[in-house]
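In the order they appear, the protein sequences are chains A and B.
So the first sequence is numbered by this note's numbering: it starts at 1000 and just counts up by one.
So the second sequence is numbered by this note's numbering: it starts at 207 and just counts up by one.
Keep in mind that a hint or two might mislead.
Stated by the list, open to error - Straight-line C-alpha distance at most 30 Å; calculated DSS-like pairs for lysine-lysine: (1) B:Lys317 with A:Lys1359; (2) B:Lys320 with B:Lys273; (3) A:Lys1359 with B:Lys208; (4) A:Lys1376 with B:Lys320.
Read the hints as simulated data drawn from the structure, not as lab findings.
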Amino acid sequence: MKIRNKLLLAFSLYLFFATAFGFFAYRELGTITKSLKYVETADDIGYTLLEVRRFEKNYYLFRNDRNFRELIDQLTKLKSMIDAMHNEFIKELGERNYALMKKTINEYDSTIQEVSEIFTEQHRHIISLSDYAERIEQELPGNNLTVFHKLRGHERDFLFSRDAEAYARFRETAMLLSLAESRSLQRYVLIAERLSVLFEREESLTESLRSKAREIQSFTKSLSHTEREKIAKVLDNSLKLLLISFILIIVLGSIVNMRVAADISNPLRELQEAAKNIASEIELEPSSIEGKDEIASLQIAFSDMEIRLHETLNSLDLAIKNLHEKQRQLVETEKLASLGTLSAGVAHEINNPLAIINEKAGLMQDMIELSGDFPQKDRFMAIISAIQHSVDRCRTITHRLLGFARGMDANIELFDLHSAIEDVLGFVSQELALKGVYVQRCFSDSPLSIESDRTQLEQILLNIIKNAIDAMHGGGSIAIGTETNENQMAVITISDTGAGILPERINRIFEPFFTTKDKGKGTGLGLSITYGIVKRLGGEISVTSELGIGTTFTVMIPLKPKAALMQQIKEGG
Amino acid sequence: MKILVVDDEVEFASTLAERLCLRGYDALAAFKARDVVDMVKEHDPDVVLLDLKMPDSDGIHILRDVKDVAPRTVVIMLTGHGDPDVVNAATASGAADYVMKPINIDELRKKINKAVSNSENIDRGTNT
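Make the full structure from the sequences, and use the hints.
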């Protein structure tokens, strides 16, 4: 799985948890809101009911119309609240309970109406009672009046206490009076009796009113209580859900995180290790990458590797260049060696017929010399001489070729390179003077001791210097420099101010028979022999040239003979 | 002075022999390696001019054979290339000198005379 997908998966998991939790929380929150609404409604109803009770109490206390109207207003408000109740609330309360509640409120209403009627009647009776009492006081005779006054005392007690006991005492006292004597007294007692009934009725109605109010109250209370309990339960569940979600997120999240982190970091670490390994394989100094994350480490490892790869590539480039140069030199050496072998073979084969030509020409010369004069004798002698001259030229070529191939005896001695150069310059002094060539010496600290074959070294220098002289027409200069290099070799540079060599010819300059000189002036063997000698002495020779500026030969000869050369000398000896 | 010229090149050997005769030597030629020892036995030459490179035998072997049958005979090697190893080997096997082909007749005469006189000197030295 791709890292992106892994991260997406982990993120999706979190998202799922969050959404699930959010969904549950939302649902619970909805429940709570609804329940709170119910509670609120229940409380509102409860509060209105309390108001109803308060006005009921006031009405009971003052028993006037204003209080009654207020009570009825509150009751109407309560009824409208109950009627306006939402269906869901009704469902919550229970259809039956709702109907029961409504019925109870209606009953309460009718009861309070009845109470109101009773109150009105009571009031009327109490007033008429007082009227009759005044009338009786005027009508009754003196001795009965005392009793009546006593009765009035009982009447006041009865009206105050409104209980059956007080009425019974009133009734007892009334019995003492002769009811037949006064019609007003009869009415008076009847009204009192009616009041007693009304008081009893009031009491029972009051009791029923209270019980109904309590009933209504109990509905709202139970609803409020149920909803509150529901809220508490939901809150409790939410808390549990929150706790479980929290634990799940921590546990599962940790696991997923660890897995994803491991999935991401493990390959990164492996990659980093690999990069380190590659880096160490290419001898890279390990970088300090502690205390950073895997990606930073990886970046460092990669940049290190990149640097190292660059270096490696550069050194490889250099190595390849060196290899190419070596290969070129090797090919050159091989070419020269095989050319040498071939040339030697050819030279050897040519040498025999050449020897016969030489003998035949010699014999002819002998015979002509021994014979007497004959026509054109001198001409014959000249022709034979020309043949012998050509044979001599051929002999030079074949002997040089053979020498190039087989090598010569090396005679190692310790000598001063500068004195050898001076000797060579001595050989060619006449030619130098003749061609107007000036020699410039750039010698290192004199003397430069070297252990080599002086004759062969001089041969090398002579060949090169002669070539330089031949390359310069109309004067010029030859600069000869000497120094030693770190490979324990004497480095001799011979630069001329001659015509220079064409670039396409410079690579062939050490090949046998290759010459830049005019026809007949060079055998094309001088430099190839020079090359052979240099190689035999364990040295190197190279040439650089620029057309119109000049040519520089660089000859490097070991300061001490190499082991191979010493071996060759031993065998030869 | 009797000289035997040995070379597989018939024209070379015979012409050289003829030229040496013209210069007063008693020269004859041999063209095959196997004939050389017989001819040396038969003619007992003072000098043998021996080609180092014969197709049917190595020049050094013939030299040794010649030296076996006629130790006092002066042998001068004829060589195409003057390889020092071969020349050294020839000298070690009893050759007096060597001449490179093509031959300069005057140089050859000098070398013959020198070698013969050296040989005679040695003989005298050993005799006395």
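Which earlier hints can't be squared with this structure? 4
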